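Residues per chain are reported as follows:
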Amino acid sequence: MAEHHGTGGHALQGPARGPGAAQALAVGHPQGAGHHAHSEVGVTGIDNRKLGMWLFLASECMFFGAFIVAYIAYQGKSLSGPTPEELLNIPLTSLSTFVLLMSSLAMVLAVQAAQQDRQADARKWLLATALLGLGFLSFQAYEYTHFIHAGLTLSVNLFGTTFYTLTGLHGLHVTIGVGWLLALFLRSLKVGLGRAQALSLELAGLYWHFVDVVWIVIFTLVYLMSVLG
Amino acid sequence: MNEREAARAHGAVRGHAEAHGAHEGAHVVPTSTYLKVGLVLAVITAVEFGIVYVPALKPVLIPLLLILSAAKFVLVAGFFMHLKFDRWVLAGFFAAGLILALGTYLGLGAIFAHRGG
Chain A
1 MAEHHGTGGH ALQGPARGPG AAQALAVGHP QGAGHHAHSE VGVTGIDNRK LGMWLFLASE
61 CMFFGAFIVA YIAYQGKSLS GPTPEELLNI PLTSLSTFVL LMSSLAMVLA VQAAQQDRQA
121 DARKWLLATA LLGLGFLSFQ AYEYTHFIHA GLTLSVNLFG TTFYTLTGLH GLHVTIGVGW
181 LLALFLRSLK VGLGRAQALS LELAGLYWHF VDVVWIVIFT LVYLMSVLG
Chain B
1 MNEREAARAH GAVRGHAEAH GAHEGAHVVP TSTYLKVGLV LAVITAVEFG IVYVPALKPV
61 LIPLLLILSA AKFVLVAGFF MHLKFDRWVL AGFFAAGLIL ALGTYLGLGA IFAHRGG
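Protein sequences appear in the order of chains A and B.
According to the working numbering, the first sequence is numbered sequentially starting from 1.
According to the working numbering, the second sequence is numbered sequentially starting from 1.
If we strip away everything but chain B, and leave its shape as in the complex, we get (with noise of 0.2 Å):
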């Protein structure tokens, strides 16, 4: 099956899973894709690892890392656990949780600032 049939055959899995309840996370995703993203997966980690031993790079290290570290999550989030094809309300509970952990960070960062840390 080729990356159009696939495209075509997704649609139309979709479209039947979205209609028909009993069918969630039905999706033909090409095998290709699977390994194209196992491959940008495993060249970002190696960029990761480069970038840290560049002295030039030290003062947007930061930014930079946690750039690299959400493409990395949201890659395998989106196709490796299909959230970019299930319904969204499973992707909404993902989020609930991401944000309330980032609450919970921002919270003790707040108690921590506050306390002189």
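Looking at chain A on its own, in the form it has when it is part of the complex (with noise of 0.2 Å):
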């Protein structure tokens, strides 16, 4: 997907004229005056690249939801042990929550600091989501062995194998993400992360904050519902 580097200056048309319009392009528009990221927009208004990822989004909203509803349709259904109440780890999985939560953090610094040109910070955020990430998957790595260890396995009982699709699924998400979060880092050392970069910045967070609201989903249904039993 090429970025186009515009010229600066557009013609302002319509109600976009005025001290108002102005006043946008000289106060910290994120595509204002000087390089424009701007490009491929289509009849809706919307860059064509944005749309595109809104519209997988929502898509991936259908399909993290059918996983989803496998979980609970078979929770308490397992002939066998082991049992979530038996093996989930509440306090370990909040932490790592955490440490997701902070990665949308960063994650959002780092698009608005490409969106005014601070490359500096924006490439030290982007660095920071992508550990944050690295970290998150650590939690479940650790937690998948600990499983693995208890017997837990995804064929041995229904709890495993809803388990284990619908969060491996989200770690392969997560891995994903940070695989994309790393790539960007090493393009910005050749090509910068300002403005010019930043709507592609932009639609990496739409993805990783995705990939953040899913976990807060299954954290609350899968894990925090657990002690129910």
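In short, the hints are calculated from the structure, not lab data.
There may be inaccurate statements among the hints.
[Stated by the list, open to error] Among the chain A residues that face chain B by a calculated CB cut under 10 Å, a handful are:
#, residue
1, Gly45
2, Ala70
3, Leu105
4, Ala106
5, Leu109
6, Glu202
7, Asp212
[Said to hold, decoys possible] The following residues of chain A were derived to be distant from chain B, with all beta-carbon distances above 10 Å:
#, residue
8, Leu57
9, Gly151
10, Gly168
11, Trp180
12, Arg187
Treat the numbers as computed from the prediction; the structure is a model and nothing was measured.
Virtual Cβ for every residue (Gly too), placed ideally from N, Cα, C.
Make the complex out of the two chains shown on their own, each in a separate frame, by following the hints.
Here's what the structure looks like:
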């Protein structure tokens, strides 16, 4: 996906004329005067890449929705152990949830810094996001190792099947996200991470935040509600 | 940039963005707002962790956890994903996905209940 660097100072049309619009260009407009990252805007008035990302995320809602439904539908129907109450570690998962939430905060700060052309800050927050994502994956790897040693495998019972499928697919999304963030970080060493790259970073950010909101749901339905038996 | 200046700039940028579609996603949200949202998310997670160990709250635990989870979801989607500031059509797409997912849940729930589950 090519990013087009405009020349800035595009013609304002209709209601955008006037002091408000001028101020918009003057005060921290992420794609205002100077480099433009705007491109491929369709009839919706929204960048096609951003529109595509939101449509993808909408389809992902249904994707994860199906697996969450499967987990809930088969909850308590395992014929043998181990059971969720025996295994799930709420304190540890609360900590990993906190790590993922803070990675979302770091991500939004990275996008903001890029939009304001603060390249060093953008790189710093982007790397922090990726590292926090790796931290979350480390918690998940530890959890899986513990569960497997406790006898919970993918095929041992319905809990194992639905739990590993749901959390494993989420973990796969996090892994892809971390790879994407690290790729952006490495690319930024070559081409920078300012206004011209802000849209690319924003798209990665949307994906990353989505992974976060999916975990918010999983944490509540799978982990916290397990105390109810 | 203080909160008032940022809000004014945000209003101006938003007006410009709405009039000029190419600049979708152009918002000036103060850093302090993001930090406050991050803090609230951390506090809600701590509260969630705490209340599951309070026996007296067991009867109301499910609605409580769902409300807290929904609050976190809305904060991340609204502020971090910028749905609060972006075009409504993007929120519409996301909501459509969520509604279909919820429909799947309700449909399957009805099937399982009908079959005696």
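Going down the list of hints, with the structure as the test:
Hint on A:Gly45 holds. Least Cβ distance to chain B is approximately 2 Å, under the 10 Å limit. Interface restraint check: A:Ala70 against chain B, minimum CB-CB distance 8 Å, threshold 10 Å, status holds. For A:Leu105, the interface hint holds, since its Cβ comes within 10 Å of a Cβ in chain B; the closest pair sits about 4 Å apart. Because the closest C-beta pair between A:Ala106 and chain B is about 9 Å apart, less than 10 Å, the hint holds.
Given hint, A:Leu109 at the interface with chain B, holds; its Cβ is 6 Å from that chain's nearest Cβ, closer than 10 Å. Given the 10 Å rule on beta carbons, the hint for A:Glu202 holds: about 6 Å separates it from the nearest Cβ of chain B. Hint status for A:Asp212: holds, given a least beta-carbon distance of 6 Å to chain B, under 10 Å. The Cβ of A:Leu57 sits about 6 Å from the closest Cβ of chain B, inside the 10 Å cut-off, so the non-interface label is violated.
Under the 10 Å C-beta cut-off, the non-interface status given to A:Gly151 relative to chain B holds; the minimum distance is some 25 Å. No beta-carbon of chain B is positioned within 10 Å of the beta-carbon of A:Gly168; the least distance is around 19 Å. Listed as outside the interface, A:Trp180 is consistent with that label: its C-beta sits roughly 16 Å from the nearest C-beta of chain B, beyond the 10 Å cut-off. Every CB of chain B is more than 10 Å from the CB of A:Arg187 (nearest about 20 Å), matching its label as outside the interface.
Checked against the numbered hints above, the structure violates only hint 8.
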